[in-house]
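Each protein sequence line maps, in turn, to chains A and B.
For the first sequence, the residue numbers in my numbering are 36 to 181.
For the second sequence, the residue numbers in my numbering are 165 to 301.
It should be emphasised that the hints constitute simulated quantities derived from the structure, not laboratory data.
Please note that the accuracy of each hint is not assured.
[Stated by the list, open to error] Cut-off 30 Å, straight-line C-alpha distance, at most; resulting in silico cross-link-like pairs (DSBU-like, lysine-lysine):
1. A:K148 <-> A:K44
2. B:K295 <-> B:K268
3. A:K55 <-> A:K141
4. A:K148 <-> A:K55
5. B:K287 <-> A:K149
6. B:K264 <-> B:K295
7. B:K268 <-> A:K148
8. A:K39 <-> B:K295
9. A:K149 <-> B:K295
10. B:K182 <-> A:K79
11. A:K148 <-> B:K287
12. B:K275 <-> B:K295
13. A:K55 <-> A:K149
14. B:K264 <-> B:K275
15. B:K182 <-> A:K148
16. B:K295 <-> A:K44
17. B:K182 <-> B:K295
18. B:K295 <-> A:K141
19. B:K287 <-> B:K264
20. A:K39 <-> A:K55
21. B:K275 <-> A:K79
22. B:K182 <-> A:K55
23. A:K114 <-> B:K211
24. B:K182 <-> B:K211
25. B:K268 <-> A:K149
26. B:K268 <-> A:K55
27. A:K114 <-> B:K295
[To be verified] Every beta carbon over 12 Å from chain A, so not counted as near; a handful from chain B, in silico:
28. R167
29. D170
30. D175
31. P178
32. L190
33. D199
34. P216
35. T234
36. A247
37. A282
38. E289
These numbers were taken from a predicted model, which means no experiment stands behind them.
Backbone N, C-alpha and C define an ideal beta-carbon position, used for all residues, glycine too.
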Amino acid sequence: MIDKSIVGKEYPPFTVEVEKRWVRSFAEALGESSPIYSDEAAAKAAGYRSLPAPPSFPFAIIMEANQSFMILDELGIDKRRAMHAEQGFAWHADLCAGDTVTGRQKVIDVYDKKNGALEFLVTEIRLDNQRGEHVCDLRTTVVVRN
Amino acid sequence: MVRFSDINIGDAIPPLVKPAVSHLQLALYAGAGADHNPIHVDEEAAKAGGLPGIIAHGMLAMGFLGQLLTQWVPQRQIRGFSARFVAMGFPGDVITCTGKVAGKREEGGEKLVDLEIAAQNQKGENIQLGKATVALP
Numbered sequence: 036m037i038d039k040s041i042v043g044k045e046y047p048p049f050t051v052e053v054e055k056r057w058v059r060s061f062a063e064a065l066g067e068s069s070p071i072y073s074d075e076a077a078a079k080a081a082g083y084r085s086l087p088a089p090p091s092f093p094f095a096i097i098m099e100a101n102q103s104f105m106i107l108d109e110l111g112i113d114k115r116r117a118m119h120a121e122q123g124f125a126w127h128a129d130l131c132a133g134d135t136v137t138g139r140q141k142v143i144d145v146y147d148k149k150n151g152a153l154e155f156l157v158t159e160i161r162l163d164n165q166r167g168e169h170v171c172d173l174r175t176t177v178v179v180r181n
Numbered sequence: 165m166v167r168f169s170d171i172n173i174g175d176a177i178p179p180l181v182k183p184a185v186s187h188l189q190l191a192l193y194a195g196a197g198a199d200h201n202p203i204h205v206d207e208e209a210a211k212a213g214g215l216p217g218i219i220a221h222g223m224l225a226m227g228f229l230g231q232l233l234t235q236w237v238p239q240r241q242i243r244g245f246s247a248r249f250v251a252m253g254f255p256g257d258v259i260t261c262t263g264k265v266a267g268k269r270e271e272g273g274e275k276l277v278d279l280e281i282a283a284q285n286q287k288g289e290n291i292q293l294g295k296a297t298v299a300l301p
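Start from the sequences and build out the full structure, keeping to the hints where you can.
Shown next, in the form of structure tokens:
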């Protein structure tokens, strides 16, 4: 069972640089055809300072920073038994290529269903950019099959 | 331009039908999404983990839900979106994303539209069910 005392735990901040090439390759992987995600001139014409990161990109940032697997490792959970169950993004400001974001993760909840056969770990990560703007909040639920 | 006054509860937004998910796409997403879990690219590893075979990244289909929104309104108007991953996706799946207006409200000086969104496979099974909120002029 996941030790419920982890609820409320806050992790040290992490910093990730959002490189232009990364935004392009992410958009390519999604099969994105809009030029604003690959062509800087198109992005600027649409009012962005550089290529905007697509709406689900912040999850790639937290994976790059190993924030999801880090907690599973800390809790001694076999990653093959863990699955992403729910994901939310709350957007507050643009995220563009060239930005450097700082993230802070906190454990929000731990609960179980089916007498502990399924355990759920809920975490939130806040992302701020190099300008001190609050960019995005991510809420992630991982289910562990015991 | 999509305007708040033109939107009614129950309206469907334009659907997004994606080309079939390919192994190449999963490899590209593993890199770009920084998710190197072998169950998305290595058949043997997926089976060793008790899966029927390679499964698609949940965040790939959620990326498609993001595209559903950005093909409808400029990305800057998205206030948030979320999804529950209710079934696995597999290579070869043809995923269709849909959205329906569930509510309209004004908050913090913004005109907001709440949507129910879904990603379904070619069998009509829901892979992801979620919600989104966008601001409209």
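Which hints, by number, does the structure contradict? Violated hints: 4, 7, 13, 15, 20, 25, 26, 32, 33, 35, 36; rest satisfied.
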